[in-house]
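Starting from the structure of chain A, add chains B, C and D where the hints point.
Chains as they are written, first to last, in our numbering: chain A, 123 to 490; chain B, 18 to 162; chain C, 157 to 530; chain D, 14 to 574.
Please note that the accuracy of each hint is not assured.
Label-pair restraints from in silico Cβ distances [to be verified]:
| id | chain 1 | residue 1 | chain 2 | residue 2 | range |
| --- | --- | --- | --- | --- | --- |
| 1 | A | Asp-393 | D | Ile-490 | 36 to 44 Å |
| 2 | C | Ser-391 | A | Leu-315 | 46 to 54 Å |
| 3 | C | Gly-446 | A | Glu-481 | 49 to 57 Å |
| 4 | D | Leu-304 | A | Glu-481 | 50 to 58 Å |
Please keep in mind that the hints were generated in silico from the structure rather than gathered at the bench. A virtual CB, placed ideally from N, CA and C, is assigned to each residue, including glycine.
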Amino acid sequence: MTKTIQTTKSTEEAVKDFLKTLLEKEKVCGVFTLKKITSKAVAYTLVTDPAELDDAVPLYPLMPVNAGKLLSRFSLKGSSKKPVIAVVKPCELRGFVELIKREQGSIDNLFIMSFTCGGVFPTSTEVDGTAEKQLGSYWETVKKGMVNKDVRPTCQSCEEFIPYTADITLEVLGKTDIDKQCIMHITSKKGELLFEDNKNKFIEKDLDTKKLDTIRKQRSQEKEKLYEQLDKKLTNIDGLIEIFSKCLSCHGCSKVCPICYCKLCEFESADAEYGPSQYDSELKKRGGLRVPPGTIYFQLGRLSHISISCVACGACDDVCPVDIPVAMIFKKIGESVQQMFDYVPGKDYDEPIPLVTFENEEFSEIEE
Amino acid sequence: MNMKKNEEFMPKIIAFLCNWCSYAGADLAGTSRIKYPPSILPVRVMCSSRVDPLFVLNAYLGGADGVLVAGCHPGDCHYQEGNYFTRRRFAMLKKIVEGAGLESDRLRLSWVSASEGTKYAQVATDFTSKIKELGANSAKYKIFI
Amino acid sequence: MNPLKATGVPAKSGVNKTIIDFLDKAVEKKVFDAVIVPMKTPAQDSYSYVLVKEKSLLKEDGVPLPPTMFIQGAKAVSSITRRGKPPMKIAAVMRPCEIRAAIEIAKLGQIDLENIFLISMDCPGVLPTSDFLKDPKKHEQLFEEAIQKNDDSIMRPVCQICDKSSMIAGDLHIGTVGTKKGTFLIISNTSKGENVLKELGYTLNESIESWQKKVTAISADKKKKRKKAHAELKSKVSGLKNLVETFSECINCHNCMRVCPVCICRLCYFDSDKVKHTADDYLSRAKSKGSMRFLPDTTLFQMGRMMHMSISCVSCGACEDACSMSIPVAQIFSMIADETQSVFDYVSGRSIDEPIPLVAYEKEELSSVEDAHD
Amino acid sequence: MEIKIGVYICECGPNIAEKIDIEKVINAISSLEDIAVVEKFSLLCSADGKKYLSEQIKKNKLTHLVIAACSPKEHEKTFMEVCEQGGINPFLFQMANIREQCAWVTEDKDEATKKAIRLIKAAIKRVGYHASLDKKMIESNPNVLIIGGGIAGMEASLQLASKDRKVFVVEKNDSLGGLVQNFEKSFDDMKLTSEILDKKIKQIETNENIKVFTNSEVAEAIGFFGNFEINIVSQSNETEPVTINVGAIVVATGSNLIDLTDNTQYGYKKLDNVLTSIDFEQMNLSGNITLKNGKKPKSVAIVHCVGRDEKGYCSEICCMYSLKFSRYLKDKIPSVAINHLYSDLCIPGKHHQNFYEETKTDKISFSRSSDIKITQKGEQLNLTYSDEKNKTTNLLADMVILSPAIAPTNDAAKIAAITGISRDEQGFFEEEHEKINPVSTSTDGIFIVGCAQGPKNIADSIVQSEAAAGKILSSLIPGKKLEPEIKTSHISESFCIGCKTCLTVCSYGAITFDETKKVSVVNEVICRGCGNCVAACPSGAAHSKHFNFNQLYQELKEAVE
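The following block holds chain A by itself, in its conformation from the complex (with noise of 0.2 Å):
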């Protein structure tokens, strides 16, 4: 059984005042939230002022910027003196976990607030304003736990929608009555200590299991669906070619990436360039080709460098300008690669990445 809190306020608002009594108590000296910043903007803010926390929107579902890759930027170089508390959805907080493995953060004096996540509108619905519209439909399917088709397709076919490694859980996925109570759970020792001098007493009670087992059935249903379109295309280099040639090289889903964590990426150093002679041979070899070249070799070799640590945020998805279903394929292979060693991206701290440990015996299959 956990440590739980249960009011009676909508859980936005009752969250808001948990936020601002903490700055008020000075419990904390700074919240890293999703908030408004223009009549359609929303955009992660560092709040150290609990009026500031007034247009806060905590669960607005959108991910203009992946807050796991923000988060990592925050503590990078050194972490606050002060605690500071960030709500951010699952995949975000699984992102930040492999940076912090990479040593690209820290935890320390950060605590994490996240919820059972419904996924969240393509960011650039933002621009349009179909996502104020949508947000009714929106929590309506929340509620009733069920899929929604105007989020990204990764959160469609998300079954990692329950927060790993939060301090506080928040209950909102298939909960019907968000509008009149708030859930929130104490998920780690250190996220009593928010609590110390807190008056409403604890109950003790768990995450509702059975209905998110219902949601997760419902989401791999999507997800296998979304699969099989792939496997249409990803049939051999022909599909790939299809799939990628207008790929423009911009790399946008690499920079938005919360894994791609590089200086500078290989892919955008010399070793990449093409040299005169090179291009000579090429042409010899295929009669033409096309410049800049290598959009499959980076994509299947940024493949090679981060599947295993892809949260399937969808964030490339978003801002690929060609609308390459890039992050629907990251997923896939990204999937595939996690499975074959038993590792779920940012689970837990203290897991080692895959490819910096072994096994002595493993792998037998594929030595021949």
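Just chains B, C and D now, kept in the frame of chain A:
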């Protein structure tokens, strides 16, 4: 570009051989005068763990009909643990290549010790005939790659 | 400065065919060994620059004037020559703004123009990539019609106000507007280009007067539109509040920078360590205002990028197409670019002989920006 | 600078000439970019060949050299020396192996010729990207630290204390000798061990090249092969810590018996007259073997293989010393009855079988047993066990001697941490390679000998000590500088993102992390140049000298043209 006819098709197979075991094994095949197809083009590395998966991708997309990575048997790595990492990276790469709908059979990982000249020749022969079945790697002639 | 000389060629079935025939002939005669030309990708949903040697390939698939600009041509040429001059003579067929970008970054060592022959054509503009992707087939149709009706309303916003759509900066240019019926012009702008035409046996006695007249007219008309559009835009975006508002949706993906033909840095300053700070730095900045958008400094990035490249911006519009948040970056940047470039009476990529203003100076200049001194 | 590559093809007598059409090869490559000269020669590795080559390099002002001949494992060194004679850096050279991996393995001459051409082209492409590398020379200290003054440590120190070598022995106890001090005699010769020990101890004490620190331990060992700085502290702290400099370290910290205090099965420390082998050795050494009550035992049970199953390995020597115990007993109490309970008898070696047969005199019996339980029964000890036929049997004895498994010493973990060497799953120090490098460790210049590496008898311990001494004497020569690996890894400070992936995969601890700059740094003296970190680094910040991206990339590209 039309592809070479499959009869008289002699594959080009890049073989990354670790200096201490597999390259020595390949040399032994030579000193023992064991014949195998001329398809194999050895690239010597100090340890199989030097073989960045990107090299294998490069070779594949560049048009190599097959890529062989060979190193010391697990537990016998000259650098103690290198080949364990090689194996993991290779396992991952194979999955990615499969996932992308490419022919992962064109990639092969073999352990060949310095004393296994015969095995090396065997691997070279088997792999070559396997590749012959698969035919030439069409990636070689793609323009929009 | 080489005077413009021209030869007339039968217009045949459209500009694409005409240009391809010319290239085919040139490759046949070994005047060029290879050609950089846009081609439709196998999925039929996009165009990509291809370095092609195979004549058959060129004839069948080359599309010198595609309806869109997926990758800015200068980037393609740079990719081929960055490491040194190619061992063969290559003709690059691109739109005027792509050619200007190529010339501009050649000044920055990103392109080796030796062995490269830059060939432009009168440009009707390009469709926004996102529009095209919605229905490629349909938009190819629309593009053709637009050319016939010379209607630019469906083109990229910056194309609609482009006053350099026929500017000749390269070696050769294909003139298609204002020419006498049934003929197009091949105009040489450099001795390099002139020699190509001579080698191919053309006589350069065709008059370019009517073409020039038409081009000047178009350019003048677009200039007017441009002034107006920039004025409107200015009222919308200028001033700190508007600027911040405009860029508020920026998600720091830096696509704009990545696709920009003149953003050449291997590692962008705004991706480097110089813009990474400690948690407490961020917090103290947040405290000063009560809250701070995270990551901060989107406006700094945009303005900073202007500092770095507006002097070389060719207003191609690639950035705007790549922006995942539909921010009118290209319009804003070309507006600023007009202003920064005019300070030095500079036009990005107009001529390889013009040094980039910031690496040159004159003893007596710009007195307006300095305190009077005697 | 203009690149001028010289390509020289060795006919290797008939070996290559007969299998490859060398003229064809020459034609195929002469016209390639940057090729200054292509020649063939009958036998390049011969004296004439080498002379010819160095002349050619000078004459044609070559900048790079490609030699198509045998395997680089055969003659790479030879030709690198030729480069130096010719005045070009030995690393601006590449070999194409057209003998072992082409001429000798290819049936058809045309095919062999084609393959040879591809291999040489690849070598040419690669060599164009080679960079000069310079030999690193580091001063080395010929002195040696021995941790542990037991039989193995003493043997090693005596071997090493030859001319010009200072040896420092650090012993945690107050005297040299280690475990063996407890033994009256050694098997299988049944000679007095004191004779061997006293002799050795005397030799050490009188050898001015050996300095012994008793009651001391090593607190810190920093540095690398040739240059270690050692900090020695005395346990009682009555003397000041000492700092010494050595070039190599021999770890001879011996072993221990598994701890039986919590064991209920054998009643050790709970029942009287149940002894471990060491207890018994000491009792025997004291001269009289008696029970608690002062009487002489009439019957003794010796239990072999104690803790073998839990530990999962056979300790090799227990059976032999258990036999030795029978001899002790019979010498002192001829009438005593001795029962050996074993689960497997381990008596390898050329004399041991005899020793066993000779020991098996009357009233000494051997029985295979398992699940032994020892309880008190009146005056005596009752051993219940299931015999070969799984029949539960009882045995009464006045005294029980247990032969527990040999285990690592309690301070093994600490020593591993200090020296940075690794331990195996049993906790013994791990050799670099069971067969190839049995006394070396993962850390260059640190060696393991005796029971610290695993259970073994005196003879085997001495063999290892001599082996280690030999390795040290041959690699650490006074006044001679060390040449660490040149083809090491290097990490670009400006591109390293500080994810420590390289650190994690390095088997040699050759990479450290600069906490202020937050970047990884390769210690190129320790790095062995395997390149693992290079493949692991996602952003290409790490690269391996002479096997960098471009060099390998050019090779493989050329090979797929």
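Quiz item: Which hint numbers does the structure go against, in order from smallest to largest?
Solution: none
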